[in-house]
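Protein sequence lines correspond, in order, to chains A and B. Per the numbering used here, numbering of the first sequence is gapless, rising by one per residue and ending at 1679. Per the numbering used here, numbering of the second sequence is gapless, rising by one per residue and ending at 901.
No lab work stands behind these hints: they were computed from the structure. Values in this document were obtained by computation on a predicted structure and should not be read as measured data.
In silico EDC-like pairs for lysine to aspartate or glutamate, Cα to Cα no more than 16 Å straight-line:
| hint | chain 1 | residue 1 | chain 2 | residue 2 |
| --- | --- | --- | --- | --- |
| 1 | A | K1439 | B | D816 |
| 2 | A | K1466 | B | D880 |
| 3 | A | K1439 | B | E788 |
| 4 | A | K1466 | B | D791 |
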Amino acid sequence: MGTPRIYKTEAIVLRQRKMGEADRVLTLHTLTHGKLDAKAKGVRKTTSRMSGHLQPLNRCMVQLVQGRTMEIIAGCETLESFQPLREDLDRLSRALYAAELADRFLAERVEAVATYRLLQETLRHLQGDADVDLVLRRYEMKLLEHAGFRPELDRCLGCEVPMGPQRNFFSPMAGGTLCPSCGAGTAGSRMLSADGLKVLRLLQRASYKEIERLNIPPALAQEVERHQRSYIACVLERDVNAAAFVERLRREQQRLEI
Amino acid sequence: MNEHPTTAAAAPVARLIEEFHKLPGVGPKSAQRLTYYLLRMPAAEARALAEAILEVKERITFCSACQNVTDVNPCRICASDRRDRTMICVVEEPLDILALERSGSYQGLYHVLHGVISPMDGIGPEELKIEELLSRLRSEEVQEVILATNPNLEGEATAMYLTRLLRPLGPKVTRLASGLPVGGDLEYADDVTLSRALEGRQEAQG
Chain A
1422 MGTPRIYKTE AIVLRQRKMG EADRVLTLHT LTHGKLDAKA KGVRKTTSRM
1472 SGHLQPLNRC MVQLVQGRTM EIIAGCETLE SFQPLREDLD RLSRALYAAE
1522 LADRFLAERV EAVATYRLLQ ETLRHLQGDA DVDLVLRRYE MKLLEHAGFR
1572 PELDRCLGCE VPMGPQRNFF SPMAGGTLCP SCGAGTAGSR MLSADGLKVL
1622 RLLQRASYKE IERLNIPPAL AQEVERHQRS YIACVLERDV NAAAFVERLR
1672 REQQRLEI
Chain B
696 MNEHPTTAAA APVARLIEEF HKLPGVGPKS AQRLTYYLLR MPAAEARALA
746 EAILEVKERI TFCSACQNVT DVNPCRICAS DRRDRTMICV VEEPLDILAL
796 ERSGSYQGLY HVLHGVISPM DGIGPEELKI EELLSRLRSE EVQEVILATN
846 PNLEGEATAM YLTRLLRPLG PKVTRLASGL PVGGDLEYAD DVTLSRALEG
896 RQEAQG
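Here chain B stands alone, though its shape is the one from the complex (with noise of 0.2 Å):
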């Protein structure tokens, strides 16, 4: 029988490398090279590392009005006076705020859905954050909400059962347009980019 690579180590290392092989994108080999290196490096910085772990789990939560990931209730985005507060732009995950903000071009609030639904993967609309938002739109004044899950075929059913809901809540419901990537090829996009790159054709600028 193989022996299991982690039985040689002592008990100590080979928990850790347990632990770090649960991660996602760690694979038995990363978790080993990851632990050595750990090993090897100063008490200080081990230390840090691990207060910074039990950090993030202690006190992050969910911003209780868009879900995102916060240390103050409301996040500051929610809590701040310089945002616009009629839009609100729904996103899969937290991540996807971080691109939007890089970005500098929106200034409303945020809603997070914690994930997207995925039919085959039996993940419908009841676990992601949709009563959340619903309640949102009852309570505030919101005119319009933005669409900004991933142009992939989750993203836009997600969408598309999303606008059914809230289309008869009053505020007009946008997507956000889909069409060729700066720095892509035409000759390599396939056809629904193309169409919906000449749907949402805009006059040109010069």
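One chain only, chain A, in its complex shape (with noise of 0.2 Å):
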């Protein structure tokens, strides 16, 4: 059986653009549809009795009613506002790349109940006191899995040995992990220290409790996630753009603090 014409389900909004005089068209993912695109009319009016509700970041409870091109919005209501993102900016910059990437990731109206729940789970981090550039760390390992794209962190991927606890390397084309000999000679392969590899295993297994308590080194932190990123950047063959806002803040950051 197909959609019904009118449905509710519950959405988090990932992105919006401006359409004609007053509209917008909202990229949400839905608990129950995956990722669609939903016109909101009228919400650009200070008057709209829904734009309040259909901020980027929102997580609410959407009425679609099916029409000729995409979803339009007949009502809404907030269920959280995840309102201590919105007034951080460190925070906000953080989450708009959760959202960014969940959108590149997602495939249009196939459910993603789990990754859903992720991006639930990791706006809600975000609040709070865990270090929000790790939180995003393990977000990008648990997107990956979810999307089929789990990097091999156990064995190298040339010869098949597991991985010692020495230097080895991080291939983004070959999906994980190379043996020194393997890695050497293999083009855009980059070196990976053993606490680097211990760290990316980590992320690849651990809950959000356990990185709460996670305290790394400013050099490793980097590391891990240049790795992360060449991997990401390689997989969606694009470069994710609100990354670059955030390694924006965290430059002014640096300098204000020097």
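Hints given; two lone chains; assemble the complex.
So, in structure tokens, the structure goes:
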């Protein structure tokens, strides 16, 4: 049986773009119907009853009507507005990165409940005390796994020997780790420190609770981020836009500290 | 194969349809309708429209101070001696100035950013007129900067980013209040708007 003409579902607003005089097209990650575009009519007017409920990153209950080209939002109510994210630019930039990444990885109208719950959980943890960048790294790992791109971190993708606690290599093109002898000659592979490998493995299996207790030195955090970012860019075949803004905020923060 | 709708028309007509189609909010049907409307229009009126378009492109520039669109530089607001020069109101687009001026309640100067930070679309601070704002703050005697970007996600992100940059420079940095719209219904308000309306409540007049 197909989707009824009018249906109700829970959704997280991933992004929005303006359309026409006062409308917006929202990209929603719905719980029951996966990612889809929906038109929100008149939400750019100050008198709109829906605009406050449909801000990006909001989790809300929406009533959707199937239209000719896309769903139309008939009603909505906020379930969770993640207000602390909106009041802190560092948190907000990371949350936008998380939303953009979900948007890029999700196929349209393919149910993705696990990804939905992951994003919801991630947005909650970005509000808390955990290191926001580590939260993102764990999110990236889980998202890759849900999308079917879980990187191999236990064996060498060249000769299949188990990875030892030494300097190894990480190859985005191969999709994971390479031992020193296989990695040295592979184009695009980068050195991966023993500690770097440990952190990557931990991110793959740890829960957010465990991540919260984690405290790793900046150089190691950078290494891990570099590997994950290059792997994601390789899978998506493009850069993630919001990453540039996160990077900029970090640079400006460092300049202020000096 | 489907014939392209404009190929059946004469070449100049097809060209005009194509040009209209480039405008925001104008689909293929509207472009055709506008074109055929123009065909029936008296020649003088059509010429006036064409000249108006050319004049806008030739004479309108950005004000060197506030970055608003203007035909004289500095613009009339920046040049006026009746405006309060200690206040700058920062807006996203030139149209926002028209809205604020219509309210008649603001007498200070403006600054147009020409956009808003939108990380997911790859629009960063470097694409806005932020450097120009900073240099105004360094040279002019500004005591207050009012951030009047839209109260949506991108507008708030831009306001927060600007606050970080502007605070160390000295002026008081304020944000437009947000709350319930005039003519709105309390029961339909979202939590964020309601809590802001409560936070910003004022002593009742009467």
